[in-house]
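Enquirer: Fit chain V to the given chain F structure using the hints.
Chains as they are written, first to last, in my numbering: chain F, 1 to 179; chain V, 1 to 179.
Worth double-checking, as some hints may not be accurate.
To be verified - Label pairs and their computed distance ranges (CB to CB): (1) F:Glu138 - V:His138: 23 to 29 Å; (2) F:Asn115 - V:Ser84: 53 to 59 Å; (3) V:Ser84 - F:Arg124: 43 to 49 Å; (4) V:Asp9 - F:Phe122: 47 to 53 Å.
What the hints contain is simulated information worked out from the structure, not anything from laboratory work.
Heads up, the beta-carbon is just placed ideally off N, CA and C, and yes, glycines get one too.
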Amino acid sequence: MAFEDPLPPSLIRYRGLFDWAGLYAAIADWFKHYRFILHEEMYKHKVPSPLGAEQELFWYAEEDVNEFVKFRLEVSFHLWDMTEIEVVKDGKKKLLTNARLEIKLGGKLIFDWQNRFEKTKFTRALHTLYIQYIYRRETSSIWGDMIYYRLLGLHAHIKQYLDLQTKWHAYEGYLGENR
Amino acid sequence: MSETRLVVDQLKFTYEGIFDMPGLHQMISNFFYERGWDWIEKLNTEQIFPTGRSVKIELRPFKNITDYYKNIIRIRIYGTNIKSIEVEQGGSRIPLYEGKLMIIFDGYVMSDRYNKWENKPIWWFIRTLMDKYVFKDHMSKADQWLYSDLEDLYLRIKTFMNVYRYVRERNMISHQVLG
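Isolated chain F (complex conformation) (with noise of 0.2 Å):
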């Protein structure tokens, strides 16, 4: 088994109006201005209520970093009393959506993906030692960070789509990358 390192979770929700298609798109977007392969594991929409639909999703974006490093991104959607509202927009008409919506965001740091330390019960070892002594200064504070400050950037850029009043990112320049 490789070793893995969670990430601490975090969740947005939100109540309003809100156009579900771009922001699906613009979290696809961003998966892919970071180079993760990004996976649709489930998507689910249950017959509708006389409040609305209910729809539950679940991606996974990873990244192989190096030959022994790799990152894990998960999202998971809920969204509840999902109805479209038609909005004029600019003399332009636009669907939008008025749900609840829940986005909790997660992930892990994976070292040994290709499990090459797992054949011996000395190799086990050796990676124990490598990961927990040897390397431990860079499993948290370069891998480590990066993921977590890339995941908080995701977290970032929802927060501004749906412009929540808590938009400010005052670590955008944490990694020096754009987000």
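Expert: Same frame as chain F, but now just chain V:
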């Protein structure tokens, strides 16, 4: 599990009136960024009602001050009936918000953050003994660091919201906790 001590217990700030919600969030996140804290935004909820926006945010910024100690601040922001308004100042119109706001701060000091001293009961016992008697000064330094940063943040928020401030407020939280 590492040992987490509650140092500042539910310090509250309540406000009703005109304020700048995005500016407040920006000020808080900039404060932690400038001081080298890591940022965790655990929960971010925003609901749009006919009476105004309702906001619920939980932040958990933390700072690994040594290999052994970690300071954590938990900030809960609850905003209700937040409506956008425009205020005229010097001939120009400034977009602001009006509503109710409550901010609750908790401060924690986590010791043995890598869980190194918990594998055997004797280690755990030695750790407690060392923490309490031998490294008492280190513990109190971690506490002081937390008080100091939390006090600065609290005062900055009060200044930002332009509320009444007591002149000799600098050591207010330490006095409140230490007596």
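Enquirer: Indicate, hint by hint, whether the structure satisfies it.
Expert: Checked hints:
1. F:Glu138 - V:His138: 23 to 29 Å: With Cβ atoms ~27 Å apart, the hint holds.
2. F:Asn115 - V:Ser84: 53 to 59 Å: holds (54 Å)
3. V:Ser84 - F:Arg124: 43 to 49 Å: violated (58 Å)
4. V:Asp9 - F:Phe122: 47 to 53 Å: holds (50 Å)
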